[in-house]
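Participant: Spelled out, the chains give:
Protein chains: 2
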Amino acid sequence: LDYDDATDIISQLSEDDQKEILEEIDEEDASHIRNLLNYPEDSAGGLMNTQIIRINGKLTKKEALDEVIRQSEEMEEFYTINVVDDKNHLVGIVSLKDIIKAKNTIRIIELIKADFVYVKAETDQEEVAKLISQYNLTSIPVVDDNMHLLGRITFDDVIDVMEEENTEDILKFSGVSEDEELSGNWKEAVKSRLPWLIINLGTAFLAVSVIRHFDDTIKQLGILAGYMVMIAGMGGNAATQALAVTVRRISLNDLTDNQAYRTVLKEFTVGLINGAVNGFIVLLFALFFDKNPMLGLVIFLAMTGNLIIAGVAGSSIPLILKRIGIDPAIASSIIITTFTDVFGFLLLLGLASKLLL
Amino acid sequence: LDYDDATDIISQLSEDDQKEILEEIDEEDASHIRNLLNYPEDSAGGLMNTQIIRINGKLTKKEALDEVIRQSEEMEEFYTINVVDDKNHLVGIVSLKDIIKAKNTIRIIELIKADFVYVKAETDQEEVAKLISQYNLTSIPVVDDNMHLLGRITFDDVIDVMEEENTEDILKFSGVSEDEELSGNWKEAVKSRLPWLIINLGTAFLAVSVIRHFDDTIKQLGILAGYMVMIAGMGGNAATQALAVTVRRISLNDLTDNQAYRTVLKEFTVGLINGAVNGFIVLLFALFFDKNPMLGLVIFLAMTGNLIIAGVAGSSIPLILKRIGIDPAIASSIIITTFTDVFGFLLLLGLASKLLL
Numbered sequence: 002l003d004y005d006d007a008t009d010i011i012s013q014l015s016e017d018d019q020k021e022i023l024e025e026i027d028e029e030d031a032s033h034i035r036n037l038l039n040y041p042e043d044s045a046g047g048l049m050n051t052q053i054i055r056i057n058g059k060l061t062k063k064e065a066l067d068e069v070i071r072q073s074e075e076m077e078e079f080y081t082i083n084v085v086d087d088k089n090h091l092v093g094i095v096s097l098k099d100i101i102k103a104k105n106t107i108r109i110i111e112l113i114k115a116d117f118v119y120v121k122a123e124t125d126q127e128e129v130a131k132l133i134s135q136y137n138l139t140s141i142p143v144v145d146d147n148m149h150l151l152g153r154i155t156f157d158d159v160i161d162v163m164e165e166e167n168t169e170d171i172l173k174f175s176g177v178s179e180d181e182e183l184s185g186n187w188k189e190a191v192k193s194r195l196p197w198l199i200i201n202l203g204t205a206f207l208a209v210s211v212i213r214h215f216d217d218t219i220k221q222l223g224i225l226a227g228y229m230v231m232i233a234g235m236g237g238n239a240a241t242q243a244l245a246v247t248v249r250r251i252s253l254n255d256l257t258d259n260q261a262y263r264t265v266l267k268e269f270t271v272g273l274i275n276g277a278v279n280g281f282i283v284l285l286f287a288l289f290f291d292k293n294p295m296l297g298l299v300i301f302l303a304m305t306g307n308l309i310i311a312g313v314a315g316s317s318i319p320l321i322l323k324r325i326g327i328d329p330a331i332a333s334s335i336i337i338t339t340f341t342d343v344f345g346f347l348l349l350l351g352l353a354s355k356l357l358l
Numbered sequence: 002l003d004y005d006d007a008t009d010i011i012s013q014l015s016e017d018d019q020k021e022i023l024e025e026i027d028e029e030d031a032s033h034i035r036n037l038l039n040y041p042e043d044s045a046g047g048l049m050n051t052q053i054i055r056i057n058g059k060l061t062k063k064e065a066l067d068e069v070i071r072q073s074e075e076m077e078e079f080y081t082i083n084v085v086d087d088k089n090h091l092v093g094i095v096s097l098k099d100i101i102k103a104k105n106t107i108r109i110i111e112l113i114k115a116d117f118v119y120v121k122a123e124t125d126q127e128e129v130a131k132l133i134s135q136y137n138l139t140s141i142p143v144v145d146d147n148m149h150l151l152g153r154i155t156f157d158d159v160i161d162v163m164e165e166e167n168t169e170d171i172l173k174f175s176g177v178s179e180d181e182e183l184s185g186n187w188k189e190a191v192k193s194r195l196p197w198l199i200i201n202l203g204t205a206f207l208a209v210s211v212i213r214h215f216d217d218t219i220k221q222l223g224i225l226a227g228y229m230v231m232i233a234g235m236g237g238n239a240a241t242q243a244l245a246v247t248v249r250r251i252s253l254n255d256l257t258d259n260q261a262y263r264t265v266l267k268e269f270t271v272g273l274i275n276g277a278v279n280g281f282i283v284l285l286f287a288l289f290f291d292k293n294p295m296l297g298l299v300i301f302l303a304m305t306g307n308l309i310i311a312g313v314a315g316s317s318i319p320l321i322l323k324r325i326g327i328d329p330a331i332a333s334s335i336i337i338t339t340f341t342d343v344f345g346f347l348l349l350l351g352l353a354s355k356l357l358l
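Which chain is which? The protein sequence lines are A and B, in order.
Adding 1 to a residue's 1-based position in the first sequence gives its number in the working numbering.
Adding 1 to a residue's 1-based position in the second sequence gives its number in the working numbering.
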């Protein structure tokens, strides 16, 4: 077990249990783990392993190889060798291959890469994952504010972080709080989901008040209630489609202003076309079953309008949230569909009361 | 550019363009790329790089080190050394560190690990990602059916695959086909999303026909249309919550029969509680605004019932799909919310016509 993984396990325990365990194990192991417990779990410090190969840049090839072999005895695996100065400041990294290929008279400091990537202990784990993935690194050194070498984070930790972040994203997107464990019990699930449902209930009262306003219209033409549900539902689904594509684009690459503008324009076009096609199908249906061409026209217009609103809201709301520094996945379908409910009802019932009655 | 990445780019071109480019570049490079083009893009063969360190197990320490240094000249980075016999059969892997630490008289074959992980060229990329993540490998060798060494897949390819699969999951989950590129234009978006919306339109006609059946009930009590929308919407959201948790559980670890049973039971309980709490809030609302206790009771029962249905459907449908071999993410909210629409309407309008009129 690596120190970083051991620390993750121990950090789940109560403080008393932590203390007890740390007193029982080997003193050196305990001090490594105590150090790691000081960093937040989702920071580079919380993710790093302090078992690391570090050699002084002044060493010769032979001395360095001996030192690497000595240090690697206690280690499962290592990928890069960290080169430090006399005061443990990180000055570069070097690979075992480069040392072997070097001339015998060389000093290690001459072998190091001029630019290398590193992170601070307080860097967020998502940022670490991005760097490791972008530069295809097997490991990345972690330093403090004064460039003292603290530890390393390896690619396998990052793979775990990515799985975790992706689970969080899909749950948040669906209105489940990020701290609901997938294997948790019903109490945890209620605690995580009920607040979102109550938020939705609050916004649904808004939709109900729109309908209450058109009470007479519905009483005169009951089937409007059916088409109302259809148009609101289709709007909700179209908004979720636009939302998913936009949220995913934001999390994979930050969009420039121009790209953001074009994204919203694209979703407007998609909403117009998908709305018109579906509206036309329902129009034919209304002609055939309800024998009411005007009703068909009202439905066609309401469907097209609501799917345009869905596309624009589904793409612009997460972009705005991102801009003001809120996680765009929070614009979950739960919130965004209220938009299309309210506007769908207003469009259909408003048009119906003007054109039909 | 590695061969695997170059192949990915070239595979996007038309066959004529591919041919032209392959004729223009260096013959050795072209033959590497031609080989890789034979494998499906999402298989281990499509993902692998054929530039690889391979040494014969009979070599001595000195010979092996010379050979590794010679082969690594042409290579950006390598992580493990593949050991083969005279016929290029893979017999094991060894690390550079192990060779350096070994006695001078040793044969490489004596250093190899007894059990090592490898994949066949036709293995699916998701399976490769799982192995690399599970065993914390920097790279995994790819072999043909006769254990001939073909290439290697490195962890950075797998990080890309994981991002890709996760994008696919969240899009599929939201009713967007997996082949819509995030940065695609509106034509591509319409093509990918319209079919799902039309499926949803088809199922919505089902919901409309339920409402048509209760036409008289709605005409007598117009506000029912409002509560109808509220209860169906809440059911849809609750179903999406249960669906997200279950789909994610399935994709991270396969559930046993017993766990599957307990998952559905848990979602039943969650639906019961969340439904009763929300139902009670609306009951108070109906008492206050509509001054109709019986209407309040009907809403309470319909909300509770529909959220139980949402929990059971949201968890059991993906489990059943998984069992019969269909990707559970296909049970996207688009399909599963129809369930809660239809049952929500049946419950509310059915109860209302029995108890209220």
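Source of the hints: derived by calculation from the structure; they are not laboratory data.
Be aware that a few hints might be false.
Identical copies look the same in the list; a pair holds intra-copy or inter-copy alike.
[What the hints assert, rightly or not] In silico lysine-lysine, DSS-like type, Cα no more than 30 Å apart, as pairs:
#	residue 1	residue 2
1	121	355
2	102	355
3	192	62
4	173	88
5	98	220
6	59	102
7	292	62
8	59	292
9	323	121
10	98	192
11	20	355
12	20	131
13	121	59
14	102	192
15	355	62
16	355	104
17	59	355
18	98	88
19	355	173
Quick caveat: nothing in here was measured; it's all calculated off a predicted structure.
Participant: Against this structure, judge whether each hint is valid.
Facilitator: Hints, one by one, checked against the model:
| no. | hint | in the structure |
| --- | --- | --- |
| 1 | 121 - 355 | neither (63 Å within a copy, 67 Å between copies) |
| 2 | 102 - 355 | neither (84 Å within a copy, 87 Å between copies) |
| 3 | 192 - 62 | neither (59 Å within a copy, 61 Å between copies) |
| 4 | 173 - 88 | neither (45 Å within a copy, 53 Å between copies) |
| 5 | 98 - 220 | neither (81 Å within a copy, 82 Å between copies) |
| 6 | 59 - 102 | both (18 Å within a copy, 22 Å between copies) |
| 7 | 292 - 62 | neither (90 Å within a copy, 89 Å between copies) |
| 8 | 59 - 292 | neither (91 Å within a copy, 86 Å between copies) |
| 9 | 323 - 121 | within (24 Å within a copy, 43 Å between copies) |
| 10 | 98 - 192 | neither (53 Å within a copy, 51 Å between copies) |
| 11 | 20 - 355 | neither (73 Å within a copy, 63 Å between copies) |
| 12 | 20 - 131 | neither (34 Å within a copy, 36 Å between copies) |
| 13 | 121 - 59 | within (25 Å within a copy, 45 Å between copies) |
| 14 | 102 - 192 | neither (59 Å within a copy, 55 Å between copies) |
| 15 | 355 - 62 | neither (88 Å within a copy, 90 Å between copies) |
| 16 | 355 - 104 | neither (89 Å within a copy, 93 Å between copies) |
| 17 | 59 - 355 | neither (86 Å within a copy, 90 Å between copies) |
| 18 | 98 - 88 | both (26 Å within a copy, 27 Å between copies) |
| 19 | 355 - 173 | neither (40 Å within a copy, 39 Å between copies) |
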